[in-house]
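Please model the complete structure; the sequences and the hints are all you need to start from.
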Amino acid sequence: MRRLLPIALVVLVGVALTFTLAERYHHRVLTLVLVWATMGLAWNIISGYAGQTSFGHQAFFGIGAYVTVLLVVTTGLTPWIGMAAGMVAAVVAAVLIGLPTFRLAGIYFALATLAYPLIFRIGMEFLGYQEVPIPMMRDRPAAYMQFRDPRAYDLLALAALGGTLLLSHWIEGSRLGYALRALKANEQAAEAAGVDTFRAKMVAYMLSAAPAAVIGAIYAHAILFVVTPDAVFGVLVIVQTLVVCLVGGVGSKWGPLIGSAIMVPMSETLDATVGDQLPGIQGVVYGAALVLVMLFAPEGIYWRLRALRPARRAVEAPRVSAAAPRLDTTVAGRTPVERGAALLEVRGVSQAFLGLQALGDVSFSVRAGEILGVIGPNGAGKTTLFNVLNGFLLPDAGQVRYRDTPIHGLRPSAICRRGIGRTFQVVRTFPQLTVLDNVMVGAFAHETSPPRARERARAAMATVGLGRADDVPGVLTTLDLRLMELARCLASAPDLILLDEPLAGLARDGVETMAALVRRVRDAGVSVVIIEHTMYAVVQLVDRLVVLDHGRRIAEGVPNDVVRDPAVIEAYLGKRWLRHVEGLGTGGLGAAPQTPPRSGRRGEAASPRDPC
Amino acid sequence: MSASDLAQYVVTGLLVGGVYALMSIGLALIFGVMRVVNFAQGDFMMLGMYLTYFLAVVSGVDPLLGALLTIPPFFLVGVSVHRALLVRVTGGGDPQRLMDAQLILTLGLSLIITNGTTMLLTPMPRGIKTAYATQAFAVGPVLLNQARAYAFLLALVLAGVVYVFLTRTDLGKALRAAADDPEAAGYQGIDVRAMHGLAFGVGLALVAAAGGLLATYHPIEPTVAVNFIVLMFVAVVLGGLGSIPGAFAGGLLIGLVQSLTLLVLPFQLQNVGVFLTFLLVLYLRPQGLFGQRLRAV
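From first to last, the protein sequence lines stand for chains A and B.
Take the first sequence: its position 77, counting from 1, is numbered 77 in my numbering, and each next residue is one higher.
Count along the second sequence from 1, add 1000, and you get the number used in my numbering.
A portion of the hints provided could be inaccurate.
As the list claims (entries may be wrong) - Derived, one-sided and incomplete: chain B residues facing chain A with beta-carbon distance under 10 Å:
1. T1118
2. F1165
3. T1169
4. L1269
Derived by calculation from the structure, the hints in this document are not laboratory data.
Quick reminder that beta carbons are idealized off the backbone N, C-alpha and C, glycines included.
Following this line, the structure appears as structure tokens:
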């Protein structure tokens, strides 16, 4: 509740201003500040929180205005109800626009959104709605949102602002908010951590269309009186919105409010004083504001001010003792699989990129309770295999079955929620989120309430022995980053985890920490598939090995057999080396599993000297 | 409708499309090399129209020549704008954030130019009177408006020059290298920042020249940019973001679509056909009609 105080304060200030301002013109400016702050907040939901820059958000503003006003004109329906109809229409439009458009990412999405308001605008002009005056209802003005007293419009816009602030506040702290921030930072990592990014974007888009429509309707009644396509679908609407958001700061509920409180009075004053002589002055000021903000404070005023706040003294976080792992992998409705039974089955999977056959007819299975190593030289198809297993790629042929149901073709987030977690070869973080929040994104795979997700995330961090909950990933060591990613993965309560080179880049003690952790995770009942391209690192860790070479599975079995397999030796060291090994009769690589065959630090057998 | 009517619509569309193509390759060059979507491109086109107009009215320069004369000054303007503004929002950092910063920066620039021009030159539309604007060549039953035909030919020539520059000269090859992989190009001794300046300069010069050609038959006003920047975006996306031959083909195609839309829809809805084509291409082939589909994981 205490967190709602600032919002209450904003509303109080708004009410106070409403009742202290005397001049009609000042009320107009106040209404405009509130209108553009609300519109900015609406835009901020999809473009700030979710990072999907929309250049066409005035589409919803215009729909709200047109639907409400046309309902008054044609049926006499009060705008109080018409506004709700406009909101529904805008949300429906958001669904219809979002379904195809969210298939596009980044710049393509931004450019596509440009087209929608243009189409609406042309459509309205064509339908003969170039100018729709709001009919005067002299007998019942209040029922038709027509007030003589300008304070009524102030309060109306203030109510919309308060509502949108509450909505933004709720989003910021909710599961949706975490999902949006995560997908904004790294869409693939978010998917892999169980965030259905498409659904999250759609929900955000709908939630941002609704307030835009409401404030569009209010704007029509308070300011316009005559609705034209240019006034509600025009470029200036989105420009106003962008200006208040970017000046104030994107991605926070306070940014648009700050931006609006500064920019709107400034441009209105200029317009009132010199607008007659210089008709384009408002546009020039807005343009200059955008250019200056981008050059000197691209993060916006709010974030600038926040950065000035004295940083909390960094507390040296002691490494949490990992002695008491309590790995919560229980999820309602998931039956345990008998140890040793096939948990994941890969059947004849093939995947080609243009001409390159990355995977060719690969089959193997993962048994419950084991650590399975997937090894192979560079370019063997290991990461491609993981991308197929966790749903990033749809294989050209073959099946992936998990718990006896096919999972290929599911979204990565759906596969994650079914119980397959993964990490990446190069750690993928959400850089703006704290370590705890990073892990919480994974925890939300099976939790809806933030406190419970936080609890689950803390438990996962304790399991891997990671402190530093309030740091951002940027300051972490490689080991801590890998631990964080593992914790995020474990927080989604998987019963199978795919680790892509978790030992890469770690020092010797880091390798030991990570290896011990992987064993403990296995002992807690989570099956593990681990990719490595150095054999020596995994041979001691894994229960079984699958060897890939040029996209084909060339061996499978217990480590001791696999490392003696001639095909494996050949794949790693070449034909000539194979003859040499056979000649020496050393019995293959397994004879000296501690010896890294790559580095050849000791022993003639592993020396990379020319064998012939 | 007879076959000659259809031919007339097709030819008119292609003639208009030639100028669209020229303006679009400017935008495509800037995007291809710098990864910057220049929202102000339409406004520089508008400035090119005004420069051509004043050259014609004040000095009596024929607008077709005037269009060519816009190239050197706008090249310099482009290099300066890059040096003064865009340099600060290109280079290292989070690509999404940079992309947003560049979009917003050029959007701000666009607002300043449109509204500044309105302030200085009033919103009144102007036009250049030429003898050939109202004349037509008759090719069989099809009539070619002379102004559009000349504009089309010059656009074709300029686009050809750009193509030869990019593919046959060392500087052009360096530019393409900087576009393909800035880091690797830098390691080979190519000054990537200078290449960006060059691209922005050439991009603006092309769009200004296209504006000059357009001015021979299109009214000149400060807000003319809005209509054309969208057409340029569409052409560039149609051709595959950043592909120069693609943008050229995209521009021609848009002229064609605009013209053929008139056969089925009333005049006000002319651009609906263009936008629908745009959305359709984005949904079905976001890599553009000529781009290659890349798979990224």
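Right, here's what the structure says about each hint:
1. With its C-beta approaching chain A no nearer than about 4 Å, T1118 of chain B sits inside the 10 Å limit, and its interface hint holds.
2. For F1165 of chain B, the interface hint is violated, since its Cβ never comes within 10 Å of a Cβ in chain A; the closest pair sits about 26 Å apart.
3. For T1169 of chain B, the shortest C-beta to C-beta distance to chain A is roughly 29 Å, which exceeds 10 Å, and the interface hint is violated.
4. Annotation: interface hint on L1269 of chain B holds; nearest CB of chain A at approximately 6 Å, less than 10 Å.
In summary, the structure is inconsistent with hints 2, 3 from the numbered list given earlier, while agreeing with the others.
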